[in-house]
Amino acid sequence: MERVPLERKVLSENDRIAAELRARFQEHGVLCLNLISSPGSGKTSLLERTLETLLRRDRVAVLTGDIQTENDAVRLKRFRFPVKQITTGGTCHLDARMIERHLADWKLEDLDLLLIENVGNLVCPSSYDLGEAAKIVVLSVTEGEDKPLKYPSIFFKSDLLVLNKIDLLPYVPFDIEAAAENARKVHPGMEIVKVSCLTGNGLHEWMMWLGERRRAHKSLVQQSAS
Amino acid sequence: MGIANSVLEAVRTEMRLHPGTYPCKVGVRIGEMAAIDQEALRFCFEAMIQETDLEALELGIEVCPRRHRCQVCGHEFVVRDYDSRCPQCASLQTTCISGDELELAYLEVEEYGASAVGTKSTQ
Numbered sequence: 005m006e007r008v009p010l011e012r013k014v015l016s017e018n019d020r021i022a023a024e025l026r027a028r029f030q031e032h033g034v035l036c037l038n039l040i041s042s043p044g045s046g047k048t049s050l051l052e053r054t055l056e057t058l059l060r061r062d063r064v065a066v067l068t069g070d071i072q073t074e075n076d077a078v079r080l081k082r083f084r085f086p087v088k089q090i091t092t093g094g095t096c097h098l099d100a101r102m103i104e105r106h107l108a109d110w111k112l113e114d115l116d117l118l119l120i121e122n123v124g125n126l127v128c129p130s131s132y133d134l135g136e137a138a139k140i141v142v143l144s145v146t147e148g149e150d151k152p153l154k155y156p157s158i159f160f161k162s163d164l165l166v167l168n169k170i171d172l173l174p175y176v177p178f179d180i181e182a183a184a185e186n187a188r189k190v191h192p193g194m195e196i197v198k199v200s201c202l203t204g205n206g207l208h209e210w211m212m213w214l215g216e217r218r219r220a221h222k223s224l225v226q227q228s229a230s
Numbered sequence: 077m078g079i080a081n082s083v084l085e086a087v088r089t090e091m092r093l094h095p096g097t098y099p100c101k102v103g104v105r106i107g108e109m110a111a112i113d114q115e116a117l118r119f120c121f122e123a124m125i126q127e128t129d130l131e132a133l134e135l136g137i138e139v140c141p142r143r144h145r146c147q148v149c150g151h152e153f154v155v156r157d158y159d160s161r162c163p164q165c166a167s168l169q170t171t172c173i174s175g176d177e178l179e180l181a182y183l184e185v186e187e188y189g190a191s192a193v194g195t196k197s198t199q
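Protein sequences, first through last, are from chains A and B.
Sequential numbering of the first sequence, starting at 5, is according to the working numbering.
Sequential numbering of the second sequence, starting at 77, is according to the working numbering.
Worth flagging that the hints you see were computed from the coordinates, not collected in a lab.
Treat the hints with caution; some may be incorrect.
Derived CB-CB ranges, DEER-like [claimed, not checked]:
1) B:93 - A:24: 22 to 28 angstroms
2) A:108 - B:94: 32 to 38 angstroms
3) B:96 - A:153: 25 to 31 angstroms
4) A:96 - B:148: 49 to 55 angstroms
5) A:56 - B:93: 33 to 39 angstroms
One side of the interface only, derived from the structure: several residues of chain A facing chain B at Cβ under 7 angstroms [said to hold, decoys possible]:
6) 6
7) 8
8) 10
9) 12
10) 15
11) 130
12) 131
13) 156
14) 164
15) 178
16) 189
17) 190
18) 194
19) 219
20) 230
Ideal Cβ placement from N, Cα and C applies to all residues, glycine included.
With the sequences and hints as input, model every part of the structure.
Structure representation (C-alpha cells):
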C-alpha cells in the first residue's frame, strides 16, 4: 500500500477557469458580482429594480441561472440590457465553465458590470468560484432570521447581505436585528442593506453600495493598468 | 454530486500516474465552513462508484474546524459557536485562517497482485 499526497483543491478545475475569468474581467475592467439566495428570496426582483435604475451608458449584462425555464431571462430582457439564461438542466449551482461558455459571444470590452444570478440554493453555489469580484447573499424576511447560522458558508463568503421584502416586516415574526446580528456573528463586519423590491424602500442604499463598488473597482483596474 | 464527481475525476487523473496499481482510498479535507454535508457527500460518492472500476474505493473525510488568528496578540484558536473573540486577549480583531477547505489530501494505491487481504484500508 502506498499513500500518495494529492494536496490540491477538489474543485481545482473549476478554480482554474474561475481564475482565468477573473483575469479577463480585470483586463477589461468588468466588475462581476455573483448573487446567491434561497429560491424565492428576490434575486430576480432585485435585478429588475437594478436594471430599471441603471442607464444605457452603464454597459451592464446579466447571466441568470436556473435549473429549468427561460422565465427569469424573459423578465430581465425587458430592460434592454444583454441578458442570457443559463439552464443547468438539474445542476443546483452555476460553475465557472458555464459562465465561460455563456460569455463566449459577448465582448467583455463592451461591459463594465456583469451581474450573475445563481441558481436558488444557499449551499452548493458557495463552493463554486465564478471569477466574481464579490458574492452577494439575499435573504428575505419570510425566511428564518437564523439562516446565517444554518448556512454559514455563504454568509461568510459574501461581501454584502441584502435583506429583502422589508415591506412584509409588519406581517411576519422576523426579527431583522437578530438576522443582522447572526450574519455578523458568522461574518464580522458584514455589510448589510435592507430593501423592499416591491415598494422601492432601501433600494437607494443598494444602488449606493453598487456605485461605490463600481468606482472602487474602476480605480483598482486603472491602478493596475498604469 | 458535483463534488463527489470532482473527487472521482481527480482519482482517475491521478491513477494515470501510477500504472500497475489500483486505488483503495481517497482522503479529502472538508472545512466546517465549506458548506459540504459529509453524509450527502458519502452518499453521492457511494452511488457514483457502484458497478464501476472504482467500486472498492473508500472515502476518508477529515473535518477541519474554523480557525482564527488574533490580529492583536497573534494567538491562533478554534472558533466555536461563532464566537470569534480571541480567548487569550479578548480582542474581536481576528481573521479566519482556515475552515473552508475542500481539498484532496491523499490517495492510497495498491499494486495489482498484492494480497487480496488489505485491499480495503482498515482506517
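Outcome of the hint check:
{"no.": "1", "hint": "B:93 - A:24: 22 to 28 angstroms", "in the structure": "holds (25 angstroms)"}
{"no.": "2", "hint": "A:108 - B:94: 32 to 38 angstroms", "in the structure": "holds (36 angstroms)"}
{"no.": "3", "hint": "B:96 - A:153: 25 to 31 angstroms", "in the structure": "violated (49 angstroms)"}
{"no.": "4", "hint": "A:96 - B:148: 49 to 55 angstroms", "in the structure": "violated (41 angstroms)"}
{"no.": "5", "hint": "A:56 - B:93: 33 to 39 angstroms", "in the structure": "violated (54 angstroms)"}
{"no.": "6", "hint": "6", "in the structure": "holds (5 angstroms)"}
{"no.": "7", "hint": "8", "in the structure": "holds (5 angstroms)"}
{"no.": "8", "hint": "10", "in the structure": "holds (4 angstroms)"}
{"no.": "9", "hint": "12", "in the structure": "holds (6 angstroms)"}
{"no.": "10", "hint": "15", "in the structure": "holds (6 angstroms)"}
{"no.": "11", "hint": "130", "in the structure": "holds (5 angstroms)"}
{"no.": "12", "hint": "131", "in the structure": "holds (6 angstroms)"}
{"no.": "13", "hint": "156", "in the structure": "holds (6 angstroms)"}
{"no.": "14", "hint": "164", "in the structure": "violated (18 angstroms)"}
{"no.": "15", "hint": "178", "in the structure": "violated (20 angstroms)"}
{"no.": "16", "hint": "189", "in the structure": "holds (4 angstroms)"}
{"no.": "17", "hint": "190", "in the structure": "holds (6 angstroms)"}
{"no.": "18", "hint": "194", "in the structure": "violated (12 angstroms)"}
{"no.": "19", "hint": "219", "in the structure": "violated (26 angstroms)"}
{"no.": "20", "hint": "230", "in the structure": "violated (30 angstroms)"}
Checked against the numbered hints given earlier, the structure breaks hints 3, 4, 5, 14, 15, 18, 19, 20 and satisfies all the rest.
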